[in-house]
Amino acid sequence: PALAFDVTPAAGIVIEAILTVFLVWAVYGTRVSPLAPRIAGFGIGLTVMTDILVGGPLTGAAMNPARWFATAVPAGFFENWYVYWIGPLLGAAIAGLSIRYVLAPPPDLKT
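Start counting the sequence shown at 1; every next residue gets the next number (this note's numbering).
Because the hints were derived from the structure by calculation, they are not lab data.
Using N, Cα and C, we set each Cβ at its ideal position, and we do this for glycine too.
A portion of the hints provided could be inaccurate.
As the list claims (entries may be wrong) - Cβ-Cβ distance ranges computed for the label pairs, FRET-style:
id: 1; residue 1: Gly41; residue 2: Phe77; range: 29 to 35 Å
id: 2; residue 1: Asp6; residue 2: Gly76; range: 30 to 36 Å
id: 3; residue 1: Ala4; residue 2: Val32; range: 28 to 34 Å
id: 4; residue 1: Tyr101; residue 2: Ala40; range: 30 to 36 Å
id: 5; residue 1: Arg67; residue 2: Val32; range: 29 to 35 Å
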């Protein structure tokens, strides 16, 4: 993955963070949540496809530092490497906190 010509590193971080938030929400909403409808493959796949179609032309839509690293090492392309570490990690943290404090059902208080 590489940033598009007119995408700044700061914008790349924001884009990668947003793409990652949607991916984490999809995983939680279709697989992890006890209320999930068990359509994980479809929901997650659709989210990855949408992320790639929207973010691919802008940042390459890595959404995961390991995915970026696996393509950067063989290509020897490490320009703007921090975009692909900070963006997804920030996005995962935002998604996790939003799930924990906003989206997740409250814990059962019948103990």
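Against the structure, the hints:
Checked against the hint of 29 to 35 Å, the C-beta distance between Gly41 and Phe77 comes to roughly 31 Å, which is consistent with it. Here the CB-CB span from Asp6 to Gly76 is close to 24 Å, at odds with the stated 30 to 36 Å. The hint said 28 to 34 Å for the Cβ distance between Ala4 and Val32, and at roughly 32 Å that hint holds. Taken as a hint, the range 30 to 36 Å is violated for the pair Tyr101 and Ala40, whose Cβ atoms sit roughly 23 Å apart.
A hinted range of 29 to 35 Å for the beta carbons of Arg67 and Val32 is inconsistent with their spacing of about 20 Å.
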